[in-house]
Structures are given as C-alpha cells and as structure tokens.
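S.K.: Assemble the complex: chain L is given as a structure, and chains U and P must be docked to it using the hints.
Below are the chains, spelled out letter by letter.
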Amino acid sequence: MNRRTLLGALAGTAVAVPVLSSCASGVTSLDGGGSTGGGSASSKNGVTIGTANFTENQVLGYLYAAALEAAGVKVKVRPNLGTREIVFPALKSGDIDLLPEYQGSLLTYLQPKSKVAEAGEMQNALTLALPSGLQVLPYGIAEDADCFVVTRATARKYGLTSLADLAKHNGKLTLGASAEVKTRQVGVVGLKGVYGVEFKEFKSLDSDGPLVKGALKKGDVDVANLFTTDTDIKANDWVVLTDPKTLIPSQHIVPLIADRVADPTVRKALARLGNLLTTAQLTELNRQVDKDKKDPEDVANTYAKQHGITK
Amino acid sequence: MFELFKNLAKWLTSGSQWAGTDGIAHRLAEHLQYSLLATLIAAAIGLPLGLLIGHTGKGAFLAINLASFGRALPTVGLVVLVFLASGLSMWPVYIALVALAVPSIVTNTYAGMTAVDPDVKDAARGQGMRGHQVLFQVELPLALPLIMTGLRLALIQVVSTATVAAYVSFGGLGRFVFDGLAQRDLVQVLGGAVLVAVVAIVLDLGLSGLQRFLFRHRTA
Amino acid sequence: MTIDWSWIGDHTDDLTSLTFSHLQAALTAVFLGLLISLPLAVVAHRVRPLRGFLLGLSNVLFTIPSIAIFVLLLPISGLTRTTTVIGLTVYTLVVLLRNTVEGLDSVPAKTKEAAKAMGTRPLRTLLTVELPLALPVIMAGVRIATVMSISLVSVATYIGDGGLGQLFTDGFQRDFPTPVIVGVVLTLLLAVVADAALVALQYVLTPWKRRRA
Numbered sequence: 001m002n003r004r005t006l007l008g009a010l011a012g013t014a015v016a017v018p019v020l021s022s023c024a025s026g027v028t029s030l031d032g033g034g035s036t037g038g039g040s041a042s043s044k045n046g047v048t049i050g051t052a053n054f055t056e057n058q059v060l061g062y063l064y065a066a067a068l069e070a071a072g073v074k075v076k077v078r079p080n081l082g083t084r085e086i087v088f089p090a091l092k093s094g095d096i097d098l099l100p101e102y103q104g105s106l107l108t109y110l111q112p113k114s115k116v117a118e119a120g121e122m123q124n125a126l127t128l129a130l131p132s133g134l135q136v137l138p139y140g141i142a143e144d145a146d147c148f149v150v151t152r153a154t155a156r157k158y159g160l161t162s163l164a165d166l167a168k169h170n171g172k173l174t175l176g177a178s179a180e181v182k183t184r185q186v187g188v189v190g191l192k193g194v195y196g197v198e199f200k201e202f203k204s205l206d207s208d209g210p211l212v213k214g215a216l217k218k219g220d221v222d223v224a225n226l227f228t229t230d231t232d233i234k235a236n237d238w239v240v241l242t243d244p245k246t247l248i249p250s251q252h253i254v255p256l257i258a259d260r261v262a263d264p265t266v267r268k269a270l271a272r273l274g275n276l277l278t279t280a281q282l283t284e285l286n287r288q289v290d291k292d293k294k295d296p297e298d299v300a301n302t303y304a305k306q307h308g309i310t311k
Numbered sequence: 001m002f003e004l005f006k007n008l009a010k011w012l013t014s015g016s017q018w019a020g021t022d023g024i025a026h027r028l029a030e031h032l033q034y035s036l037l038a039t040l041i042a043a044a045i046g047l048p049l050g051l052l053i054g055h056t057g058k059g060a061f062l063a064i065n066l067a068s069f070g071r072a073l074p075t076v077g078l079v080v081l082v083f084l085a086s087g088l089s090m091w092p093v094y095i096a097l098v099a100l101a102v103p104s105i106v107t108n109t110y111a112g113m114t115a116v117d118p119d120v121k122d123a124a125r126g127q128g129m130r131g132h133q134v135l136f137q138v139e140l141p142l143a144l145p146l147i148m149t150g151l152r153l154a155l156i157q158v159v160s161t162a163t164v165a166a167y168v169s170f171g172g173l174g175r176f177v178f179d180g181l182a183q184r185d186l187v188q189v190l191g192g193a194v195l196v197a198v199v200a201i202v203l204d205l206g207l208s209g210l211q212r213f214l215f216r217h218r219t220a
Numbered sequence: 001m002t003i004d005w006s007w008i009g010d011h012t013d014d015l016t017s018l019t020f021s022h023l024q025a026a027l028t029a030v031f032l033g034l035l036i037s038l039p040l041a042v043v044a045h046r047v048r049p050l051r052g053f054l055l056g057l058s059n060v061l062f063t064i065p066s067i068a069i070f071v072l073l074l075p076i077s078g079l080t081r082t083t084t085v086i087g088l089t090v091y092t093l094v095v096l097l098r099n100t101v102e103g104l105d106s107v108p109a110k111t112k113e114a115a116k117a118m119g120t121r122p123l124r125t126l127l128t129v130e131l132p133l134a135l136p137v138i139m140a141g142v143r144i145a146t147v148m149s150i151s152l153v154s155v156a157t158y159i160g161d162g163g164l165g166q167l168f169t170d171g172f173q174r175d176f177p178t179p180v181i182v183g184v185v186l187t188l189l190l191a192v193v194a195d196a197a198l199v200a201l202q203y204v205l206t207p208w209k210r211r212r213a
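Protein sequences appear in the order of chains L, U and P. Counting in our numbering, the first sequence tops out at residue 311, every number present. Counting in our numbering, the second sequence tops out at residue 220, every number present. Counting in our numbering, the third sequence tops out at residue 213, every number present.
FYI, nobody ran anything at the bench for these hints, they're computed from the structure. Glycine included, each C-beta is placed from N, C-alpha and C at the ideal position.
Which chain P residues stay away from chain L? Per the calculated CB distances, all over 12 angstroms, these: (1) Pro108; (2) Thr111; (3) Lys112; (4) Glu113; (5) Lys116; (6) Leu127; (7) Val129; (8) Ala140; (9) Val185; (10) Leu186; (11) Val192; (12) Ala196; (13) Val199; (14) Val204.
Simulated pairs of lysine to aspartate or glutamate, DMTMM-like, Cα-Cα distance not exceeding 20 angstroms: (15) L/Lys294 to P/Asp14; (16) L/Lys234 to P/Asp175; (17) L/Lys217 to L/Asp237; (18) L/Lys217 to P/Asp175; (19) L/Lys76 to P/Asp13; (20) L/Lys291 to P/Asp175; (21) L/Lys293 to P/Asp4; (22) L/Lys311 to L/Glu69; (23) L/Lys311 to L/Asp298; (24) L/Lys291 to P/Asp4; (25) L/Lys245 to L/Glu118; (26) L/Lys294 to P/Asp13; (27) L/Lys76 to L/Asp295; (28) L/Lys76 to P/Asp14; (29) L/Lys291 to P/Asp10; (30) L/Lys293 to P/Asp10; (31) L/Lys218 to P/Asp175; (32) L/Lys182 to U/Asp22; (33) L/Lys293 to P/Asp13; (34) L/Lys172 to U/Asp22; (35) L/Lys172 to L/Asp220; (36) L/Lys168 to L/Asp243; (37) L/Lys291 to L/Asp232; (38) L/Lys74 to L/Asp259; (39) L/Lys293 to P/Asp14; (40) L/Lys268 to L/Glu69.
Just chain L, with the same shape it has in the complex (with noise of 0.2 angstroms):
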C-alpha cells in the first residue's frame, strides 16, 4: 500500500465512522419509525405474522395461521425473525402485523420498572403501555413463564428451592441467559431488587436456547433462565426455583397486533385459539419440534385439524 492509500486510508476512516453513524440518523434505539394509526380495522389484504427466534413462538404462530386461516384469512408466516428486540420494531414500522407474545416479558420491555404481575392487570397496563397503532388480544388459557434453573445437584449442593435462596450465596454463582436479562427487571436487576441477589458473574447466552442450556449441562453455569414449557427441565431433572414475591410476572400468551388488522374475524379466530389451547398441550407441541424434529407449519397443522380449528 503507497503512501497515498495509505493516506486514504485515514482519510478513509475519519469518513466511515460517521458514515456509519448516520446509517441510523437521527436514530439513537433500534426501533424504527412508528407507525401510523387510523382508518378502520381489515384483514382483507392478508396478515403477516412474525415470530421471534424460538421453537414455542413458531409454533404459536404457525397456530394463529392455521386459526386465521380457517376463518378465511390471507396469511403469510415470517418465521424465526430474531430477538423481541427485532421483531418488536418490525411490528411497528409495519413490516409485520401479528405477534404472538407474552404478557409479562412484553409488559417489562415496554416498561422496564413496571411491578405489574396479576393477568388482568397486566392486559390493562399493556394497552396503557403500547404505541399508538398496537394493541393486544385477549390472552389466552395457556402460559409460559420465564424462570431460573439448577440442576439437581446445584440445589443439594447449597440448598436452594426458592429464588430468595439464591441471596444466602451472594458473589458464587454464574447466571446464563441471553444479554438483555442482565439489564431487565425479571433478570438481573429485578433478582437484585426483590431477592437481593448478587451473581459473582453474568454470562451471555441466549435464554431456554442451546447455548445456556449446554452451559447449565457443562457447569459453566450454575443458575439458567429458561422458560416453563421447556420438557428439558424434566428430562434433565433440574429444579426450577420458586417465585414466592413473584418477581417473574403472569406469562399468559397474548396476540400482540396492529391495529389495521385487528377486525372481528381475526379477533373471533384469536379468541378461538386462546380458549383451547392449554399450557400442557403448547408443551407437547413444542416437544415434537425440538424433539421428535417435526416441523413448526406441520406440529400447529396437525394440533389445528386435531381440534377442530381447520376441517
């Protein structure tokens, strides 16, 4: 390289790191512009339902395709986008439509401090708590809560049944979840709020996904953050801790959606869904994906027919 590319190169970066920067001008998050309300709601031109990148929520929306579609929906199934951190945004800007989603991680992620945690309430301080443009569903009978594991061997080794437990060890334990628990309330935080935890060291994995739960296998960890439908927690014989100040807010799934679509057949075709699908029957369905490897579209398919949802 001569001197004048080298010189370039200089100028060059002096150059890209604003460049760069003002790839997200005038933007200091990574959500995207909101999006514009009004005009009444219709699902005429189709749905588009996103999911975020875990087996249950793929599932779920490949059951809201298959209870839209029955009632005569255009559906369109964007599958395994990424983190709520990415999917959220997507919701807002427009470029999905349906979520399916969780009333208390939703409710801590719009409002990191909210103390929240009775299902009813939760539906209420949502809909306080949304942009304008969004809005959630009635949620359904089936739930799926955060929670934090030990193996067996962990829970004799220093007594622990209850997250309050944890605090009697402040400073030896490693906590494995993905990187937004070290900064939210049903996390990090909240564990040191409520319980007055301290962890001696936080790793970064992904929460309930192969990375924390390889971790949790290997020692690396000694506390995970998986999720209550996870049939790993019993195969593998690992405690969950208990929540007794419930620090960890009511998880009811709760269709998150746009207000443009929400009309009454989507809405009625949502109801349907909710009513019928218990908490042990999404853990099955989500055991035959992870488990037997069957296919998301093919698990919430054959559920559908099974219970009259599709013909």
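M.R.: The following block gives chains U and P in isolation, referenced to the frame of chain L:
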C-alpha cells in the same frame, strides 16, 4: 445522528467501558488472541502446503481454486455445525477461522512461488543445489513478499470474522455487536463494529509497513 | 452426528425456495455493486486525488463485520430483503471497486494513446477500449464478489432473512445437524455453479482471447 456519534465517542473513551471482564480492553485482548492464534494455526497448515505445491508444481489446481472454496464456505454454518458436534467450546470458532484463513494463505504462497523466475531456479540446480536447498535458499526468500501479503490478508480477514465467536457465547469484540443488539444499545453495536475495523486497519497498515521495510532493497 | 435423509426428502420444496431466495439476494447485491462501482472506478482511475480516498474508504468498509452492518441497517430499511441486499452490496462494492480500478490500471498506456491519436473521444475510448481490455480483471472481481456474496447471505439469518442461512439457525435451535449440513453443502454447490457460470460468461465476452494467431 450527531447524538449517536457523540454517544459513541463517549462509549469509546469512558474509563469504565474499558475496565472489567466485559470491558473494551478485555474483549480487545480476546479478539486479538482468537485472531492471532487462528492465523498462526492456518499458517502452520497453509504455508507448508503452498510451498510444497509451488515447489513441486503438483496440485496446482487445488492451490488456485482453494481460495474460491474458502470464500464460499458459510462461516455461520460451519460454526453451528462444529458447535452441534462438539458442544460449547472454542472449537467452532477456531475451526471456522482456520478454514477461512488457510485457502488464502495457500493461494498466495503458491502465487509467490510461481512468481519466482524459473531461470533462477535452474541456475540454482545447475550449481548442484538439491531440491530442498532450492526450496529454502532460493524459492522461499524470493517468494517471501507475496507470502507475507497472503499472511497479512488472512489475518485481516480473520480479525473481521472473529466476531463469530460471539455466535457461540464467547468473547471478543463481536460480543458488543450481539449484546448491543439484545440490549437495544445501538451505540454498543456501533462501538463493536468500529473497534473491529480499527484493529483490522491498524494491523493492515502496520504489517504492510513492515513488509515495505523488510523488502526495501528489492527491486520490483 | 447423523443425517436424517428423510428430512431432506420431505423438505425439497422448502430447500428449493430457500436456494432461490439465497441466490436472488447474492446476485442482486453483485449487480448493484457493479452498477455503483463501475462509474466510481472510472472516477478513481482518472482523478488521482480521489483514488486513494475511495480505495481507502472501501478498505475500511470491508473490515466492518457483516453482522454489524446488517444490524445497523435495521432502523433504516427494516426487517426486509432490502436490508440484506444493501448490507451485501457494501461488500460487493468494495471488491468490485478494487478489481475494476486494477483492471483499468492494467490497460497499457500505449493502447490508450493510440486510441487518442486516432481521435477517439474519452468516453468512447472508455467503452470500446479500456473496459473490454480490463474485462478479465473485472470479471475476476465479479467472480470473487459473487462467491463471497453467496457465503455472506447466511449471516442475514440473524435479522430474519438469510436464505439457506435459516437452516443454520433452525438446526442450532433444535440441536438438529441435518439442516445445517444441507445448508452448508447447498451454499457451496451454489457458489461452485455460479463461479463456473461466470467463467463461461467471461469466455463468451472476450472473443479476442479465443482467437489464436
């Protein structure tokens, strides 16, 4: 946008950002460790291979097309595959980075060897030098500039791609990109990207400066 | 680690559509890269001061990790194919710019002078003399850019796109090697086929190289 740039400058210069296991200094050290070690391993594999092919002339097809193949290998796929096979360890990271670096080292080493004037090699043989003497005392020194270029290019590529370590929970500067994404912290994402770019550029300029110095007496 | 062959049989439709989606993203990026890099390369080649700047800037951009570029583009173009293509185009642009400038550099000065002496205007010289002679080096760049692009598309799976890359995240989440292996093999095959096609294209586009004296 100026706001973002200002926050970025603050992030890059604040003392607290640099300290601790999650700090810039530690992640930088990890990133350099992955990159240098992977390139070293790749050189240990690629250099002998390239020298052999260049010296004997056999396997030229492999040397020429290996770079294409290496370029086509999807790093994400390779990392995931090794992860599924061997679990949570640094193997996926190192295998993916070495697989990325070896092809360009082989190709550039081979190119350096073929650039050596055949007359010079003949003259050496004519003087009675044996095969390995020709290789190490004539070909290798003459091919050195291009070989070094190959090593330099491989290192730069590896530095850029070592962000991959964050896919499977390890450290390095990729951690800032992934965590920034998860925590909705665009400044962190940008910071990680800028740091990787700066490291790559500094290494590139440094090594090419070294190259120019080492070969300053050589004519074209 | 075993392959579930029945999974492959059951998913040929999905695999086909993922492959097409993957190819489309890569080719669009190469095409856009060419569109932008050609005029830029001519400028870099002709205007000395800008040359160092443009090449330096593109070197810098090349070092930025692809995952970061995709994530940084999200607020601008959303969770769409556009984001993927823009991200990929940054990289194809860099490769194509470098190679096109090099190609133009490799045109012998005497040839250009001869054209000038014949009265050919600069634009015509560019189109009928310089570019065709630079073609081999440019095509080498197109080949590199295409193969690289095909490999990079899978990174976009982290932003919900990714073509065959989606097989990687799927296999990762479910501890299921089959889709991952299939994804790697198909990506490599795609690259080999694309590269071969471009070699054939280069052969067609440079008839003067075929004519032996």
